[in-house]
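Residue numbers (the numbering used here), protein chains in the order written: chain U, 1 to 381; chain D, 1 to 123.
Hints in this document: simulated from the structure, not taken from any laboratory. Note that beta-carbon positions come from the ideal geometry of N, C-alpha and C, so glycine has one too. Just so you know, not all the hints are guaranteed correct.
Short derived list, chain U residues pointing at chain D, Cβ under 10 Å [claimed, not checked]:
(1) SER329
(2) GLN333
(3) ARG357
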Amino acid sequence: MSDDKTETLKKLPLDSWHRSLGGRMVPFAGYEMPVQYEGVMAEHLWTRENAGLFDVSHMGQVQLVGDGAAEALEAIVPGNISALGVGKIRYTLLLAQDGGILDDLMVTNTGRNLYLVVNGATKHDDIAYFKAQLPSHVTLSHLEGHGLLALQGPKAAAALAKLEISPMQPDWPVPADLYFMEAGPFMWGDIPLGISRSGYTGEDGYEISVPAEHTETLAAALCALDEVKPIGLGARDSLRLEAGLPLYGHDMDAGVLPVEANLNFALSKARREEANFAGAERVLAQYPRKAEKKRIGLFINGRQPIREGASVVDADGNAVGAVTSGGFSPTLQKPIAMAYVPMALAETGTEIIVEQRGKPIACTVADMPFVPHNYHRKPKL
Amino acid sequence: MSRYFTDEHEWVDVEGETATVGITDYAQEQLGDIVFVETPEAGAELSQGDDAAVVESVKAASDVYAAVSGTVVEVNDALEDEPALVNNSAEEDGWFFRLTLSDKSELDDLMDEKAYKAFVDGL
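Here chain D stands alone, though its shape is the one from the complex (with noise of 0.2 Å):
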C-alpha cells in the first residue's frame, strides 16, 4: 500500500485499483474541533478537483477536494455519529471516504509522506 498526499491536505492510501481518502493531522489540527463531516454518496462520480466533501468545525466550513477521479464506493459512516474522530484520528480510523480509482496517472502528481512533510514544514 502507498500513501500519497496533496497540497489541500489530504491522503490518499492506494491498495490496487482502491483509494482510501482523509484529510491530514496537519489539517485537523488548523480545523480544530470537528462538529460535522459531509461525505459524499456512495456511487458519487467525483473528477479531480470536485468538491467531495465539507468538514465543518466549530466556527467555519472547509471544502474538501477530490484528490484523484474516481467513483465513491464507500463512506466512514462512524464520522456521522463521532466526527471527532477526524481530530482524534485523522490518518486511520477518520477516513472520509473510498473510491475505484478512474486515472491512477493522477497519483504522479502526488507527494510522497517525505515530500508532504518537507511542504508543511515549509508553511
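Just chain U, with the same shape it has in the complex (with noise of 0.2 Å):
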C-alpha cells in the first residue's frame, strides 16, 4: 500500500535507528513515528517500573532571546514568565486572542533565553503567532537542528546518572540535583545537553535536548543500560492519559478556553491580577469555577474501553458532552478515558452514560490523576 501521503512526511533524526529496533512507524504530526517495539502493554508497564527513552523530536523547539522576552511572551501566554527564575521551567498555554487554546507549551528560562518546547503536529503554526505577535527585539530561533529525547520512569535517575555528564560550571548541580520543572545545561563528553527534569508520563524523569546529530548516540548509549527500554507512542498515550495530562489536538484544542479544560493551575495569581494576556477578560470571565463544560475524568463500567468521539447522553439519549481520550489503562488493568461534560455532571462520583455505537455505557466521574504522580519534587520547606 502506498499513497501520496506517506511520501510527505518527514522522518525522525533517529528513524533508522528506531526500525533497527523493529518499531512499527505511523504516520504522526507529520512524521514517521515509532507507535510501538515489543508492545504497548509491556513497554507502558516497563516506564511505571523501570525507564523507558521516547524518541520526542518531533516536537518544536524554540528559543526566544532579546530584552523583554519573557514580557512580550506574557502576551500571548496565562503563565508568571516574568518571575520564572534561571533553571526554572513553567507549563503555560498559547492562547488566541479570543483565549482559544492554540497549544501546551513548556518555557524554560535558561538565564540567556527563553527555551520552548511546544507540539509537533502545531509548531509552524506556533511559530508563525509567535513571529506575528512578538515585538520585532525578539528573535525566535528555531532549534531544528537538535534532537529531543524523554527518559521517564522511577529508574530514570539512577540510569542517567550511569552516563558521565558534567555541569556546564564544576560547581553547578549534576543532572540527579535536579528536581521537577528545573533544568539546565550539560556536557556529555564534548556533546552539549540541555536536561530538564520533566516529562509527560506522570513519573520521575528527563527531556533532553542533545544536537540532531548525536541523538543517536545518546539513545544507543542510554538503551544500553539495564534499567532503560525505547518506548513507541502508543505507551506514550497510555501512560499521559492515566497520569490525567491532556493532549493537545483531542483533549483541547482553539475552541476550548483554560478554565473548560480544567488548566487552571495555568493561570496564575500575578496574571490573573494584571489581566493583560491574550483572551484575559474570556477567559478570567469563567475563573475559577464559572464555565459550563468541564474536562474530567471518567472511570467505565466493565471492561470495554470508551474511546475519543462517543458521546455523553443525558436521560433521553441527547448528547450533552463528548469523550476526548480513552483507552485501556495497563497500570489499573480497566478501562480509562477523559471527557468534557456540563459542569451539573462534573462532580466526582457523578454517574454518566456514555454511548458508542449505538450502545450506552454506564461511566462514573473520576479523579484524575487515574495514577498517582510520581514527580520529584523541590522539598516544601
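With the hints in hand, could you dock these two chains into one complex?
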C-alpha cells in the first residue's frame, strides 16, 4: 500500500535506529514515528517500573532571545514567565486573541534566553503566531538541528547518573540534583545537552535536548543500560492518559478555554490580576468555576474501553458532552477516559452514560490523575 | 474441515453447515495487546460485510466484519475473561463465534491458506 501522504512524511533523526529495533512506524504530527516496539502493554508497564526512552524529536524546540522576551511572551500566555527563575520551567498555554487554546508548552528560563518546547503537530502554526505577535527586538530561533529524548520512569535518575554527564560549570548541579521542573546546560563528553527534569508520563524523568547528529549515540548509550528500553507513541499516550494529562488536538483545541480544559493552575495569580494576556477577559470570566463545561476523568463500568468521539448523553439520549481520549489503563487493568461534560455532571462520583456505536455504557466521573504522579519535587520547607 | 481466509484478516473454518470465525495471527500481531472483544449475540443474523465484532487494543478499536452470512449459534465466552486468548491463540482458542451458513457459495470468494499467505507477504 502506498499513497502520496506517506511520501510527504518527514523522518526523525533516529528513523533508522527505530526501525533496526523493530519499531512499527506510523504517521504522527507529519513524521513517521514508532508506535511500539515489543508491545504497548509491556512498554507501558516497563516505564512505570523502570525507565523508558521516548524519541520526541518531532516536538518544536524554540528559543526566544532579546530584552523583555518574557514580558513579550506574556502577551500570549497566561503563565508568570517574567517571574521565572533561572533554570526553572513553567507549563503554560498559548492563547489565541479570543482566549482559545492554540497549544500547550513548556517554557524554561535558561538565563540567556527562553527555551520553549511546543507540540509537533502545531509547531509551524505556533512559530508563525509567535512571529506575528512578538515585537521585533525579540528574536526567535527554531532549533531544527536538535533532537529531543525523554527518559521517564522511577529508574530514570539512576540510569542517567550512569552516563558521565557534567554540568557546564563544576559547581553547578548534576542531572540527579535537578528537581521537577528545573533544567540546566550539561556536557556529555564534548556533546552539549540541555536537560530538564520534566516529562509527560506522570513519572520522574528527564527531557534531553541534543544536537541531531548525536541523538542516536545518546539514545543507544541509554538503551544499553539495564534500566532502559525504547518506548513507542502507543505507551506514551496510555501513560499520559493515566497521569490525567491532556493531549493537545484531542483533549483541548482552539475552541476550548483554559478553565473548561480544567487547567486553572496554568492561570497564575499575578497574571490573573494583571489580566493582560490574549483573551484575558473571556478566559477570566470563567475563573475559577464559572464555565459551562469541564474536562473530567471517567472510569468505565465493565471492561470495554470507550474512545475519542463517543458522546456523553442525558437520560433522553441527547448528546451533552464528548469523550476526548479513551483507552485501557495497563496499570489499573481497566478502561479510563477523559471527557467534556456540563458542570452539573462534573462532580467526582457522578454517574453518567456514554453512547458508543449506539450502545449505552455506564461511567463514573473520576479524580485525575488516575495513577498518582511520581515527580521528584523539591521538598517544601 | 476446510479453512478459508479473507482480505480483512479473518479465518473461517467450515464443517458441514457450520462456520467458526476468528482473526488471523497476522491480525492480532498488528493490533497488539487485545483488552476486550465485543462478540455478536447468539441468534444474530449476519449478512456478509456486516459489523460482526469489535476488537479493542490498548489504543484503538477495530471492527471485524462478517466474512460470510449466517445465524450466530455460539460465541466464545472465554474471551470475556481472557481477551488475550486472541493474542496467544488467534487461530485456535481465540475464535470469536460460530454461525450456520446461509449461503455457502460466499466461500468461493475467500482465499485458501496458500493464497492468504501470499496476500500477507505482499503487504
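Consistency of the hints with the structure:
Taken as an interface hint, U/SER329 checks out: its beta carbon lies about 9 Å from the nearest beta carbon of chain D, inside 10 Å. Annotation: U/GLN333 was flagged as interfacial toward chain D, and the flag holds, the nearest CB pair being 9 Å apart, inside 10 Å. Taking 10 Å as the C-beta cut-off, the interface hint given for U/ARG357 holds, the closest approach to chain D being about 7 Å.
The earlier numbered hints are all upheld by this structure, with none contradicted.
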